[in-house]
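**Q** Below, each chain spelled out in residue letters.
There are 2 protein chains.
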Amino acid sequence: MNSEIKPKPLAEAVLHALGRSQNPFLICHIDPDGDALGSLLGLGLALRKMGKNPTLVSPDGVPAIYDFLPGQEFLAKVPAVSRVTHEDLIVVLDSSDLKRISSYYDATLFASRPVANIDHHATNTLFGNINYVDTSAGACAEIVCNLLDGMHEEINPEIATCLLTGIFTDTLGFRTTSTTPQMLQLAARLVQHGAPLAGIAEKIDQRRSLVAIRLWTKILETLQLDGKIAWAQCDLAMRRSIGASEDESSGVLRTLTSVAEASVFALFTERSPGRIDVSLRSRPGYNVSKVAFRLGGGGHPQAAGCSLEGEMATIVPRVLSELRIVANNTPSPQGNMA
Amino acid sequence: MNSEIKPKPLAEAVLHALGRSQNPFLICHIDPDGDALGSLLGLGLALRKMGKNPTLVSPDGVPAIYDFLPGQEFLAKVPAVSRVTHEDLIVVLDSSDLKRISSYYDATLFASRPVANIDHHATNTLFGNINYVDTSAGACAEIVCNLLDGMHEEINPEIATCLLTGIFTDTLGFRTTSTTPQMLQLAARLVQHGAPLAGIAEKIDQRRSLVAIRLWTKILETLQLDGKIAWAQCDLAMRRSIGASEDESSGVLRTLTSVAEASVFALFTERSPGRIDVSLRSRPGYNVSKVAFRLGGGGHPQAAGCSLEGEMATIVPRVLSELRIVANNTPSPQGNMA
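Chains A and B, in that order, are what the protein sequence lines are.
Heads up: the first sequence begins at 3 in our numbering, then just goes up one per residue.
Heads up: the second sequence begins at 3 in our numbering, then just goes up one per residue.
The reader is advised that the hints may include incorrect statements.
Straight-line alpha carbon distances no greater than 30 Å define the calculated BS3-like cross-link-like pairs of lysine-lysine that follow [unchecked claim]:
no. : chain 1 : residue 1 : chain 2 : residue 2
1   : A       : LYS205    : B       : LYS292
2   : A       : LYS205    : B       : LYS54
3   : A       : LYS292    : B       : LYS101
4   : B       : LYS51     : B       : LYS205
5   : B       : LYS54     : B       : LYS101
6   : B       : LYS79     : B       : LYS101
7   : A       : LYS101    : A       : LYS79
8   : A       : LYS101    : A       : LYS54
9   : A       : LYS79     : A       : LYS51
Derived by calculation from the structure, the hints in this document are not laboratory data.
Quick caveat, the model's predicted, so the values are computed rather than measured.
All chains should be modelled from the sequences, with the hints used to inform the complete structure.
**A** Here it is in structure tokens:
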């Protein structure tokens with residue numbers, strides 16, 4: 003292990019810092035998902051159980067879908083950075099950089115206290131004094147679990163529920179290639195410790211607002227197949243007629259990307275007049291990130307996006323003509339099962 | 003263990019029978035799902051690897067969604083019961099009774115050879131000479147895996163893929179209450195042995211025909227909320243206008259049952275003129291099976307159904323009035339997370 007070029011993340015340094023801290027300030031990223039909240043609350047509950055007094059901050063609160071997570075009663079209310087006084091350690095969870103904690107980053111404050119950066123994103127900027135960044139982990143909750151093991155801290159049902167929610171969210175319910183045997187074994191352990199897997203799955207996967215489903219229906223009415231490309235659009239007028247918010251369109255991607263006849267998928271969302279967000283997806287073997295980059299966006303081979311100025315009527319054909327090049331390519335070998 | 007009233011399933015007897023047999027006849031149930039096929043092919047591949055010569059039969063072949071399963075090249079083509087000659091053991095997989103193998107049940111044939119019944123359904127009629135029925139198993143593939151362990155047979159990537167497909171299908175992708183820690187550990191082991199979990203998930207969950215999605219869109223256009231009941235309908239005319247087959251409507255239930263505002267769900271499908279199939283679903287704590295029973299159908303508390311004679315216009319209000327009684331009840335305690 004010591005001969006590896008890339009050093010092992012410094013679990014010991016984080017363990018030492020957490021061990022010494024009595025009043026840690028824990029924060030996750032804005033627009034939190036289940037892994038951000040699960041990691042924050044799971045670690046927070048464990049530190050409380052150890053007799054510490056952590057301040058827990060979710061800059062954007064708790065979205066309704068995660069209202070079942072234990073420990074959210076301990077989240078700080080309206081916690082302004084200026085109110086950080088007695089906290090002796092800052093712990094940033096699941097955030098690749100400090101922009102992800104938005105206005106909670108304060109240069110003076112962060113210079114005056116040790117900052118522990120606990121994350122699993124490959125793009126992490128190593129902004130902490132202590133960086134425990136394990137890019138082999140499929141979820142930040144997996145890293146938190148390692149920390150709890152390092153502290154010899156027993157996992158109770160509440161902590162197990164938080165951590166399993168993190169794992170479930172980031173693996174899309176054990177469906178990503180990051181779902182390793184270790185991840186499944188950890189999930190088994192968390193269920194053994196009392197995490198209600200079926201309940202978590204039901205809460206996360208099976209609760210959509212009627213408004214969102216009405217919007218998805220409208221979007222799917224526009225679904226078209228262009229060779230191996232399946233695409234659909236969401237106009238402002240469509241959203242307004244239903245009273246749906248900006249973000250309620252994204253969930254339809256799961257249905258759009260299930261069209262068996264297609265390998266490349268695009269959702270065009272009119273964010274505001276003259277501004278179209280383009281979400282691109284593809285099956286393994288087809289790389290949509292190149293198209294996104296060329297159009298000024300970014301992402302991964304199977305999930306990318308960009309935001310373009312113009313009207314739907316001109317942007318759709320422009321993006322489709324780029325996507326046809328991708329869709330008509332013979333898939334690369336990783337397009338197989340493995 | 004020996005003091006339990008219910009005896010442990012006789013793994014030893016099945017192991018002994020399989021060990022002695024050189025030419026076993028393996029069959030799964032009609033209208034096969036991933037567990038039926040995964041168990042059949044997984045066991046079949048293992049027996050072939052052991053130098054045996056199994057005849058493998060799926061009465062209804064392999065639905066397109068499972069076209070990735072290894073070993074299907076060994077399935078018998080047009081295998082008539084009359085052609086069963088040299089086979090020295092009949093093994094029936096994942097079938098609660100002999101009706102589930104349809105015309106492949108032949109009284110004379112089944113009386114002339116030992117019949118091993120390998121299953122996990124609580125309703126199994128114990129029709130075999132040897133019954134290895136473990137109702138605590140979440141999938142028949144889990145039982146097959148136990149058998150392979152009992153034979154000290156190594157699980158190769160092909161066998162692992164078949165068995166993980168069985169587990170993934172029957173647990174709805176690790177989402178059911180039958181997803182025990184043992185099940186997750188077994189999944190971890192199968193991934194370790196080379197089963198491509200993400201690939202299996204993508205093939206099973208993310209491939210719907212364009213026609214099916216067009217039908218779902220039409221059905222979701224009819225979605226209505228009646229108190230805590232979300233319901234939708236699928237007319238014959240709707241199916242015909244799209245060219246969709248009878249079974250392509252059922253997948254929409256997953257979206258219908260995700261309406262957060264509802265706890266009870268109903269899908270009315272006009273099977274043929276004057277015949278309406280009613281699919282009922284509910285969140286934990288709400289029991290729809292009683293309504294189904296009262297209307298001449300059956301099922302479980304959270305998933306039940308019936309088939310009624312009459313027109314949509316009269317059947318919908320009749321069923322809704324029954325469902326309102328269920329929906330207005332305070333949920334029972336199991337409605338919580340656990």
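**Q** Run every hint past the structure and note whether it holds.
**A** Now for the hints, and whether the structure bears them out:
1. LYS205(A) to LYS292(B): holds (25 Å)
2. LYS205(A) to LYS54(B): Violated, at about 47 Å.
3. LYS292(A) to LYS101(B): Roughly 54 Å separates the two Cα atoms, so the pair is violated.
4. LYS51(B) to LYS205(B): holds (26 Å)
5. LYS54(B) to LYS101(B): Measuring from Cα to Cα gives roughly 28 Å; hence the hint holds.
6. LYS79(B) to LYS101(B): holds (21 Å)
7. LYS101(A) to LYS79(A): Given pair LYS101(A), LYS79(A) holds - Cα atoms ~21 Å apart, limit 30 Å.
8. LYS101(A) to LYS54(A): Holds, at about 28 Å.
9. LYS79(A) to LYS51(A): Holds, because 21 Å separates the two Cα atoms, which is no more than 30 Å.
Violated hints, in rising order: 2, 3; the structure is consistent with all others.
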